[in-house]
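Participant: Below are the chains, spelled out letter by letter.
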Amino acid sequence: MAITSPVGVAGEAAPQAAVRGPHWDSRFTVLILFLPPALLLFTLFVVLPIGEAAWYSGFNWNGFGRPTHWIGFDNYRFVLETRAFWLALRNNGLIIAVSLAVQLPLALTLALMLAEKFRGAVALRMLFFMPYILAEIATGLIFSFVYDGDYGLVASIWRTFGAEPPHLLASTDTAMLAVLIVIVWKYFGFHMMLFIAALQSLDKTLVEAARIDGATRSQTLRHVVIPLLYPTIRLSVFFAIVGSLQLFDLVMPLTRGGPADSSNTMVSFLYNNGISRMRVGYGSAIGVILFAICVTFAFTYKRWFMRDE
Amino acid sequence: MRLLGKLRFAFAACLLGANVAAADTTVKWLHIEVNPAQVKIWEEVARSYEASHPGVKVEMQFLENEAYKAKLPTILQSKDRPNIIYSWAGGVLKTQIDAGVLEDITDQVKGYSDSITPAALAAFTSNGHVYGLPISLSQVGFICNKDLMAKAKVDPAAIKTWDDLLAAVKTLKAAGVTPIVVGGADKWPLHFYWTHLAVRIGGKAAFDAALRGENGGFAGETFQKSGELFKQLVDLQPFQNGFLGFKNPQAVGYFGDGKAAMSLAISSVYNLQRALAADKVGLSEDKICWFDFPVVPGGKGAPTDTLGGITGWLVTKDSPKEAVDFLKYFISKDVQTKLAAGSYIIPVVQGADAGLNNSFMKLIASNLAKSNYHQNFYDQSLGPSVGRVVNDVSAEIAGGSMSPQDAAKAIEAAFKQGN
Numbered sequence: 001m002a003i004t005s006p007v008g009v010a011g012e013a014a015p016q017a018a019v020r021g022p023h024w025d026s027r028f029t030v031l032i033l034f035l036p037p038a039l040l041l042f043t044l045f046v047v048l049p050i051g052e053a054a055w056y057s058g059f060n061w062n063g064f065g066r067p068t069h070w071i072g073f074d075n076y077r078f079v080l081e082t083r084a085f086w087l088a089l090r091n092n093g094l095i096i097a098v099s100l101a102v103q104l105p106l107a108l109t110l111a112l113m114l115a116e117k118f119r120g121a122v123a124l125r126m127l128f129f130m131p132y133i134l135a136e137i138a139t140g141l142i143f144s145f146v147y148d149g150d151y152g153l154v155a156s157i158w159r160t161f162g163a164e165p166p167h168l169l170a171s172t173d174t175a176m177l178a179v180l181i182v183i184v185w186k187y188f189g190f191h192m193m194l195f196i197a198a199l200q201s202l203d204k205t206l207v208e209a210a211r212i213d214g215a216t217r218s219q220t221l222r223h224v225v226i227p228l229l230y231p232t233i234r235l236s237v238f239f240a241i242v243g244s245l246q247l248f249d250l251v252m253p254l255t256r257g258g259p260a261d262s263s264n265t266m267v268s269f270l271y272n273n274g275i276s277r278m279r280v281g282y283g284s285a286i287g288v289i290l291f292a293i294c295v296t297f298a299f300t301y302k303r304w305f306m307r308d309e
Numbered sequence: 001m002r003l004l005g006k007l008r009f010a011f012a013a014c015l016l017g018a019n020v021a022a023a024d025t026t027v028k029w030l031h032i033e034v035n036p037a038q039v040k041i042w043e044e045v046a047r048s049y050e051a052s053h054p055g056v057k058v059e060m061q062f063l064e065n066e067a068y069k070a071k072l073p074t075i076l077q078s079k080d081r082p083n084i085i086y087s088w089a090g091g092v093l094k095t096q097i098d099a100g101v102l103e104d105i106t107d108q109v110k111g112y113s114d115s116i117t118p119a120a121l122a123a124f125t126s127n128g129h130v131y132g133l134p135i136s137l138s139q140v141g142f143i144c145n146k147d148l149m150a151k152a153k154v155d156p157a158a159i160k161t162w163d164d165l166l167a168a169v170k171t172l173k174a175a176g177v178t179p180i181v182v183g184g185a186d187k188w189p190l191h192f193y194w195t196h197l198a199v200r201i202g203g204k205a206a207f208d209a210a211l212r213g214e215n216g217g218f219a220g221e222t223f224q225k226s227g228e229l230f231k232q233l234v235d236l237q238p239f240q241n242g243f244l245g246f247k248n249p250q251a252v253g254y255f256g257d258g259k260a261a262m263s264l265a266i267s268s269v270y271n272l273q274r275a276l277a278a279d280k281v282g283l284s285e286d287k288i289c290w291f292d293f294p295v296v297p298g299g300k301g302a303p304t305d306t307l308g309g310i311t312g313w314l315v316t317k318d319s320p321k322e323a324v325d326f327l328k329y330f331i332s333k334d335v336q337t338k339l340a341a342g343s344y345i346i347p348v349v350q351g352a353d354a355g356l357n358n359s360f361m362k363l364i365a366s367n368l369a370k371s372n373y374h375q376n377f378y379d380q381s382l383g384p385s386v387g388r389v390v391n392d393v394s395a396e397i398a399g400g401s402m403s404p405q406d407a408a409k410a411i412e413a414a415f416k417q418g419n
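Keeping their order, the protein sequence lines are chains A and B.
Per the working numbering, the first sequence starts with residue 1, numbered consecutively.
Per the working numbering, the second sequence starts with residue 1, numbered consecutively.
I should point out that these hints are in silico values taken from the structure, not numbers from a laboratory.
Heads up, a few of these hints could be off.
Listed next, the in silico DMTMM-like pairs over lysine to aspartate or glutamate satisfying Cα-Cα at most 25 Å (straight line) [claimed, not checked]:
no., chain 1, residue 1, chain 2, residue 2
1, B, Lys146, B, Asp257
2, B, Lys300, B, Glu228
3, B, Lys416, A, Asp74
4, B, Lys160, B, Asp292
5, B, Lys247, A, Glu136
6, B, Lys287, A, Asp150
7, B, Lys416, A, Glu81
Chain B residues, not near chain A, derived (Cβ > 12 Å throughout) [as the list claims (entries may be wrong)]:
no., residue
8, Ile41
9, Glu44
10, Ala51
11, Glu66
12, Ala99
13, Asp104
14, Gln108
15, Phe142
16, Gly213
17, Glu228
18, Gln240
19, Lys280
20, Ala354
Computed from a predicted structure; not experimentally measured.
Just so you know, even glycine gets a beta-carbon here, dropped at the ideal spot from N, CA and C.
Whenever a hint applies, use it, and build me the whole structure from the sequences.
Facilitator: So, in structure tokens, the structure goes:
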């Protein structure tokens, strides 16, 4: 900081020019060397596709050749008129709600228990983290067997109680619930690890000070530990929401968004209704809507909740 | 001297390389067949073609049915596209022709194409240009399990009308037998009901009129009634538990395991159920019965009208001429007779039906020969966008989440949006 600050502040001072020159030069060189690759990649794979999607969304186009049939904003109207779109949006909301109401408290509780050193703590951490390592597609397939109403684990549990086993993935009432359970199972370990890392880097003196002041365990937790964890909690919430908006590969092997679109997420809805129907314009419109949601969320969240980081 | 030697070596290497490239043509063949026994025969055909045509290599690639349909537009526009691809003809084929991603093979199959059943070839012909070759025909109908039908004292031969079918379902249920198995998660197995009802109620005239937008299009009376009649069946809860979660291969396996009395299926299920049954044996020929889709009293369709597939192979743009040559070899009387003898296909090459050696396949072949109106699968003939909506609404009627009227309207709306 001491070296760079004169550059900006006292630019005109003659004696400093000699000092400033090479510094500015080296920064410029760094800029010239390191910015273009990143900028190029970002433009090529992020900015251009977004622009292209926005452009395609104005066409009725099946993906072959060049788009020619311009229909303006009709694709957006079609998307908003589709019941499945609102179901998908609702499901994304549900995933966020469950992440916040179930997954986060669960992860935090486990983290508080496992952050301390005791025999088997590391093994338990590994065990809870394991589902996160598993590939999404593999997880989906495994759970589609678990949920199978004829041969699955759930079915045999039901049978031991003498009940007729349900086909969870085959009913519009339970399919999304089944997907939500898998999501919590798969991702709580990741959030737990975030919290454990945060807990371990916590300033222990503060906790000790609270103890010396006579705070009980729960008081320490409520007034010292959790406030200190706020940055991590905000990060975890951020991941949960972004994860919900991106969720696709877990849904496909489980339900493909069915039955009757009851378990679609935004992305699986895009795939089912845009790509597999060869309606690239329509799919692009969904993509643009999704992008708008993501951007709005990311900026507001950063602005409101993650200002200090 | 040394440099010269190096140069010469490089030159020789170039020559060699060029030679190798000229002699080696690879024909990439993308298929979606899941029956290993059939794939094995195809592989043998490919290897024997390679043996008799030195320098040509036939490379088989596989994609699962649903994944194939989703990826196809991308695949077709890539430089590395396969040369031979699977097709159900219909609207999807038309889109591909319009997009110019297929090779016009009219000249290359001249003469040879006379050996193919005209109706089947016509499905791959557009404005006099041939873009592919058919390999097999199929019929959609009810395959049934003789033992389970007998257990409930239902005579499959007596199921002639829609009401007969409803009555049979009730009887089977009362006897504690699962009446029908269906792969509802894939949706298209459910669209057979809705579509075949439409074929029976309105016949060819109704379908053609709907395509022209007459009589209310697909929201018209015929198509609403299809939904209503389908709902009558659905209301009896005829399907296996959790049918909306079953993918088609699972459902076919379920039938092969002898756990349901009937299944509305493509005739090729006769063979497929063996491969997909848990014991890999499935039901033997004497345990299987078949009856045509029941007629609807007052319907305009003839009882002999059939719903089914005309499947074949397309040659993609800029493929080597060996691709067509291999197809001609593959769809020859010899190979077709062999596939017919294995009960894998109803052949399209004239004379190859001599290979059909069991009563089931012979029955299907004669049904198809009698049919004056063979309706290609709706989800293929209407193109990917509208076709999928037909599948969607069929599954929604089956799941009870959509009324027959709304279903017909949804198809018409999609038809208008897509055109």
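Participant: Each hint needs a verdict: does it hold in this structure or not?
Facilitator: Cross-check of the supplied hints:
no.	hint	in the structure
1	B:Lys146 / B:Asp257	holds (13 Å)
2	B:Lys300 / B:Glu228	holds (17 Å)
3	B:Lys416 / A:Asp74	holds (13 Å)
4	B:Lys160 / B:Asp292	holds (8 Å)
5	B:Lys247 / A:Glu136	holds (20 Å)
6	B:Lys287 / A:Asp150	holds (24 Å)
7	B:Lys416 / A:Glu81	holds (14 Å)
8	Ile41	holds (30 Å)
9	Glu44	holds (32 Å)
10	Ala51	holds (37 Å)
11	Glu66	violated (8 Å)
12	Ala99	violated (3 Å)
13	Asp104	holds (16 Å)
14	Gln108	holds (23 Å)
15	Phe142	holds (22 Å)
16	Gly213	holds (17 Å)
17	Glu228	holds (19 Å)
18	Gln240	violated (9 Å)
19	Lys280	holds (17 Å)
20	Ala354	holds (40 Å)
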